[in-house]
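Sequences are here, hints too, so could you generate the full structure?
Residue numbers (numbering that gives the first Met the number 0), protein chains in the order written: chain Z, 0 to 204; chain E, 0 to 328.
No lab work stands behind these hints: they were computed from the structure.
Among the hints, erroneous ones may be present.
Some residues of chain Z that are not near chain E, with every Cβ distance over 10 Å (derived) [said to hold, decoys possible]: (1) 15; (2) 26; (3) 43; (4) 109; (5) 121; (6) 123; (7) 166; (8) 169; (9) 186.
Derived contacts from chain E toward chain Z, CB cut-off under 7 Å, selection only [as the list claims (entries may be wrong)]: (10) 109; (11) 133; (12) 141; (13) 144.
C-beta: ideal position from N, C-alpha, C; glycine also.
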Amino acid sequence: MHGLIARTLQCFLQDTYGQTAWQEIAHNADIDFADFEAMLDYETRVVEQVLDAAVTRLDKPREAILEDIGTYLITHPNNEGLRRLMRYGGVDFIDFLHSLEDLPGRARLAVADLDLPELELTDSSPGQFLLSCHGSLRDLPGFGHVLVGVLRAMADDYGALVILDHRGALDGAEIVDITVVETDFAEGRDFDLGAALPARRSSAL
Amino acid sequence: MSLPPETMDTLCPMYLQIGADGCVRRLGPTLHKLLEGRCGRGMPFAEVIQVFRPKRVTTLPSLLEMAGRKLQLRLCCGPRMTLKGLAMPDGEGGAIVNLSFGISVVDAVRLHALTSTDFAVTDLAIDMLYLVEAKSAAMEASRTLNRRLQGAMLAAEQRAYTDTLTGLRNRRAMDHVLHRLLRGGEQFAVLHLDLDFFKQVNDTRGHAAGDQVLQAVARIMLDLTRKEDTVARVGGDEFVILLAGLTDVARLSELAERLIRRIERPIPLDDALCRVSASIGIALNRPGNDAPQAAEALLEQADIALYTAKRLGRGQHAFHEAESVAGPR
Numbered sequence: 000m001h002g003l004i005a006r007t008l009q010c011f012l013q014d015t016y017g018q019t020a021w022q023e024i025a026h027n028a029d030i031d032f033a034d035f036e037a038m039l040d041y042e043t044r045v046v047e048q049v050l051d052a053a054v055t056r057l058d059k060p061r062e063a064i065l066e067d068i069g070t071y072l073i074t075h076p077n078n079e080g081l082r083r084l085m086r087y088g089g090v091d092f093i094d095f096l097h098s099l100e101d102l103p104g105r106a107r108l109a110v111a112d113l114d115l116p117e118l119e120l121t122d123s124s125p126g127q128f129l130l131s132c133h134g135s136l137r138d139l140p141g142f143g144h145v146l147v148g149v150l151r152a153m154a155d156d157y158g159a160l161v162i163l164d165h166r167g168a169l170d171g172a173e174i175v176d177i178t179v180v181e182t183d184f185a186e187g188r189d190f191d192l193g194a195a196l197p198a199r200r201s202s203a204l
Numbered sequence: 000m001s002l003p004p005e006t007m008d009t010l011c012p013m014y015l016q017i018g019a020d021g022c023v024r025r026l027g028p029t030l031h032k033l034l035e036g037r038c039g040r041g042m043p044f045a046e047v048i049q050v051f052r053p054k055r056v057t058t059l060p061s062l063l064e065m066a067g068r069k070l071q072l073r074l075c076c077g078p079r080m081t082l083k084g085l086a087m088p089d090g091e092g093g094a095i096v097n098l099s100f101g102i103s104v105v106d107a108v109r110l111h112a113l114t115s116t117d118f119a120v121t122d123l124a125i126d127m128l129y130l131v132e133a134k135s136a137a138m139e140a141s142r143t144l145n146r147r148l149q150g151a152m153l154a155a156e157q158r159a160y161t162d163t164l165t166g167l168r169n170r171r172a173m174d175h176v177l178h179r180l181l182r183g184g185e186q187f188a189v190l191h192l193d194l195d196f197f198k199q200v201n202d203t204r205g206h207a208a209g210d211q212v213l214q215a216v217a218r219i220m221l222d223l224t225r226k227e228d229t230v231a232r233v234g235g236d237e238f239v240i241l242l243a244g245l246t247d248v249a250r251l252s253e254l255a256e257r258l259i260r261r262i263e264r265p266i267p268l269d270d271a272l273c274r275v276s277a278s279i280g281i282a283l284n285r286p287g288n289d290a291p292q293a294a295e296a297l298l299e300q301a302d303i304a305l306y307t308a309k310r311l312g313r314g315q316h317a318f319h320e321a322e323s324v325a326g327p328r
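Here it is as structure tokens:
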């Protein structure tokens with residue numbers, strides 16, 4: 000598994016629950032190094048061990064933690080760079096949803112060996128969308144829950160009012176129901192194309 | 000032109016329509032933004048855009064001669080950046096010039112607070128901005144890793160060059176410095192110091208006591224030498240000190256004597272005092288006077304001098320014969 004994903008899990012735990020919690024989780028997960036490196040590769044099993052240890056230590060369901068990671072990716076100040084990259088997806092939330100299918104390609108453009116599950120968006124009726132993450136159960140189990148967190152945070156970022164529902168798996172794909180109630184519900188956050196990218200501690204991209 | 004203006008505005012937000020009279024008829028909305036209203040409609044096109052490559056163009060006929068070719072130009076009353084342009088006849092005696100930022104898009108966006116609606120959706124500009132940001136972020140992550148690896152490498156090197164018992168340099172580190180000094184053609188002295196009566200301490204008081212003696216002796220050597228000198232433990236109770244820039248025999252004699260006297264002071268160990276002494280052999284590297292030396296030869300000279308000192312009785316120092324101007328003490 001790409002180090003960026005493993006590193007994201009670590010930074011989420013450190014930034015949200017503190018260094019001590021991270022060290023306990025890392026210890027309980029039996030990993031024999033202090034930090035995940037964003038630009039190295041790790042065995043999926045090792046990352047799963049850390050996630051399992053976090054579930055026990057934080058006494059939170061796995062799905063809830065995964066969704067929190069998605070929200071953290073967009074909202075935490077350390078990840079401003081990633082939020083900006085996501086905002087390139089479109090001028091409003093609907094536009095952004097339509098750009099989701101490009102997401103794995105865009106991720107590869109930035110980091111050539113970062114493989115994200117293939118995404119497919121279908122609109123059933125106006126404001127009603129179905130997002131399928133193909134192959135995520137095999138390669139990145141739980142990716143759909145992270146995506147729900149990301150979508151929730153991006154809706155806030157655009158100021159849209161949406162209802163999200165992880166519907167479980169179908170044929171190895173995770174399915175997320177998206178209902179856009181209103182695209183201009185709230186103010187949203189600024190996105191200035193020309194804002195210089197500040198040098199940051201790199202948690203994720 | 001028969002196309003509705005909105006069509007042109009949306010398809011090419013940075014276009015410029017020039018009438019048959021050579022004056023600007025219309026501007027795309029993004030170009031209008033760049034010019035900040037300071038020049039535009041009704042003005043001769045050469046007062047709005049300055050085409051300077053492939054050659055200077057100021058009249059409509061010469062502009063139309065360049066039809067289909069890549070133009071480089073600047074705005075007369077806008078930012079100084081170079082834009083790319085493409086001119087084609089509009090079918091009514093005038094011309095349409097479409098402009099693009101090319102590689103300067105990153106600066107342009109920052110300078111003019113452009114947004115994604117300022118670009119045609121088919122324009123790759125936004126994707127390029129995305130790529131620039133994504134690459135900087137990925138590069139930063141890579142650099143972070145490199146910095147951490149470098150830190151770890153330095154720490155590992157430090158450990159590899161340190162004698163863990165005494166905290167002095169080890170033989171590896173000493174060899175490294177010795178070769179550097181020789182390569183740099185520097186003058187320096189090599190002191191080979193061997194403890195006397197150390198074996199007795201080890202035999203009668205145990206290895207823990209021996210270790211404490213070694214640590215105490217290490218502190219003495221560090222105390223009496225300069226910060227830039229290299230003090231290394233090269234064997235059980237053998238040490239080498241490299242003194243850069245110091246080849247004065249009298250001063251070296253004095254240093255050797257002070258080292259020996261200090262080491263001979265009783266060392267407090269738990270509830271008793273422990274006595275050892277030291278013998279020192281000294282070799283000099285003086286590239287100006289002597290033939291250049293190899294590291295091994297220099298260490299061997301210091302070793303020979305050490306045995307000369309030992310033969311004179313314990314607690315003595317000696318220079319290698321070639322330098323024995325002052326002679327053994």
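For each hint, the structure was consulted:
1. 15: holds (20 Å)
2. 26: With a cut-off of 10 Å, residue 26 (chain Z) remains clear of chain E, as the shortest Cβ separation is near 21 Å.
3. 43: Check passes; 20 Å lies beyond 10 Å.
4. 109: Per Cβ check, residue 109 (chain Z) is inside 10 Å of chain E; nearest 3 Å; violated.
5. 121: holds (22 Å)
6. 123: Non-interface label on residue 123 (chain Z) holds, nearest chain E Cβ at 25 Å vs cutoff 10 Å.
7. 166: Correct as stated: the minimum Cβ-Cβ distance to chain E is 30 Å, above 10 Å.
8. 169: Label holds. Min Cβ-Cβ 31 Å, cutoff 10 Å.
9. 186: holds (17 Å)
10. 109: holds (3 Å)
11. 133: holds (3 Å)
12. 141: holds (5 Å)
13. 144: Interface hint status for residue 144 (chain E): holds (5 Å vs cutoff 7 Å).
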